[in-house]
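Fit chain B to the given chain A structure using the hints.
If you want the building blocks of each chain, they are given just below.
There are 2 protein chains.
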Amino acid sequence: MVSVTVNDVGPRDGLQNQPKILAPAERVALVRALLKAGMRHVEVGAFVSPKAVPAMAGADEVLAGLANGEDNGAVFTVLIPNYKGYELATAAGAKSVCMVLYGSDAMAQANARMSREQAESATADILKQARTDGVRVTSTIAVAFACPFDGPVEPSLVEDIAGRFLELGTDELCIADTIGAANPRQVRSLTASLVGQHGPERISCHFHDTRAMGLANVFAAVESGIRKFDASIGGLGGCPFAPGASGNVATEDVVMMLEQMGFDTGIDLDGLMHASELAQELTGTAPGGRASAWLKRYLKRTGN
Amino acid sequence: MVSVTVNDVGPRDGLQNQPKILAPAERVALVRALLKAGMRHVEVGAFVSPKAVPAMAGADEVLAGLANGEDNGAVFTVLIPNYKGYELATAAGAKSVCMVLYGSDAMAQANARMSREQAESATADILKQARTDGVRVTSTIAVAFACPFDGPVEPSLVEDIAGRFLELGTDELCIADTIGAANPRQVRSLTASLVGQHGPERISCHFHDTRAMGLANVFAAVESGIRKFDASIGGLGGCPFAPGASGNVATEDVVMMLEQMGFDTGIDLDGLMHASELAQELTGTAPGGRASAWLKRYLKRTGN
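Note that the protein sequences, when read in sequence, are chains A and B.
Residues 1 to 304 (my numbering) are what the first sequence spells out, left to right.
Residues 1 to 304 (my numbering) are what the second sequence spells out, left to right.
Simulated from the structure, these hints should not be mistaken for laboratory data.
Keep in mind that this is a model prediction, so the values were computed, not measured.
Just so you know, not all the hints are guaranteed correct.
Label pairs and their in silico Cβ distance ranges [as the list claims (entries may be wrong)]:
1. A/A52 x B/G196: 48 to 58 Å
2. B/G151 x A/L168: 46 to 56 Å
3. B/A92 x A/P148: 49 to 59 Å
4. B/P148 x A/K128: 50 to 60 Å
5. B/A52 x A/K20: 40 to 50 Å
6. A/D150 x B/S189: 35 to 45 Å
7. B/E61 x A/V2: 53 to 63 Å
8. A/D150 x B/G93: 46 to 56 Å
9. B/E61 x A/K20: 51 to 61 Å
10. A/P148 x B/D264: 21 to 31 Å
11. A/K36 x B/G151: 26 to 36 Å
12. A/K36 x B/R164: 48 to 58 Å
Cβ atoms here follow ideal geometry from the backbone N, Cα and C, with glycine treated the same way.
So that you can see chain A by itself, here it is in the shape it has in the complex (with noise of 0.2 Å):
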């Protein structure tokens, strides 16, 4: 059998995208829950200002509280927008980080005030230290498909961006459908460029499911050959302030397909609907996957 990595990002794109704040022992619980469901990669928080992101303050106590979990052969991963980002995280001790690329300009300033120029500058930086520090770096490039603010994106500047950091050896480079525009064809394209290119080993991809698309735009990747995908637990993401906006693609929907189509995640889906409910009974607004009526159903009527 084939694997396929999925790493959970719920605790994290997830979480700040709740109206409701969780403290960090409720996050770190979240992760463990994960983690009994075979989960072996979770971004665990972001080291951002804790005012522009309340919900993702105390980063360093999720982090402490995991460490045992990290010994079992977990990655936990933290978001960190700027190189004073990457010193807090590693301060608190991660060895894992993931910086964010932007496939547009208008994003690259409303997210973190930056050209798209100095985003790349300051992942080559973090990189670089991060390459004396042993620690692994996720580069993101964020709306590798469309910005919400100047449309669509040319994939030759996405190839572009991924193939120099790929080049300046970074642990992992995934492709981020940040706002759910990416439709199947267009991510087919692009992700059998860049598998033609590199090679699958280091590239993954990050999928919402605003218009619906998300699991088809798994399955187009999976066709390129990507092998590792982002997902996020019972769906949490998206604004509940923001009509129409949705989260990640749900982590129980992915394990699923990818399982039923003959890949191995080392994923238990029966401990991924004990997260799921958790996910939704922390949070008090987490939708819970699209096939999770099935999946109940599915895994009472199995004995599970």
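Below, chain B without anything else, positioned relative to chain A:
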């Protein structure tokens, strides 16, 4: 631009699974809303026992009420369960019928009280008569991937049935994932094989969204060259009394995805949203497409 045809089965597959029974005039109004959006293929009813399926009573009145619409080039298909159904349908003026074949014996028994072979024999007889009568026939292979009673269906069986009925001259051969059990890898494999053997002209696909993989399956099939899909306005279908049951893929989601991938459906999304709202108004239970929140914002934003 490559054309893809979408056949709305909401007025049949959708409405027959709703708790609220609509009068023929209401069903005509729903079909007219679909025509207004540019839809040219609609499954408008079924000539089945009104005792067994009360929601489909008065299919003759629906056909009569649509006589003008057909003059504008629309294809109105009605489902028939057997030869008697064919006679009733054609007596009521039907010019296009859909007959059901089966991927399993248990489903044939449960749905039509026939063996799989009996359903095939009845369909062959109908096909012969329909050629004489100038009536269009769609042969749908139900439970083409999995049966709720007998489990997984061998692709070779479906290929065998499909080959025989294409040979017999069916105007359309529809591969139906009746219970929403297929994954996109299975769909890709089966449809690629069928298109490779027979060309895409007479093959269509019908997906349900039970496991949230409906759009992924449409994408998988379109990648194989399939150019006609069933879908249901507002995601009508499933049964509100059966937890986890889910309707057909929503027409508005399918049209949106196809159009965004650069295909031409000839269907107007704004008109489709009006039809979807009418479906919700009439039934009180139609969920609406899964991307409807996004679509509403999008259509408003672009001034439609």
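Violated constraints from the hint list, given by number and in increasing order: none
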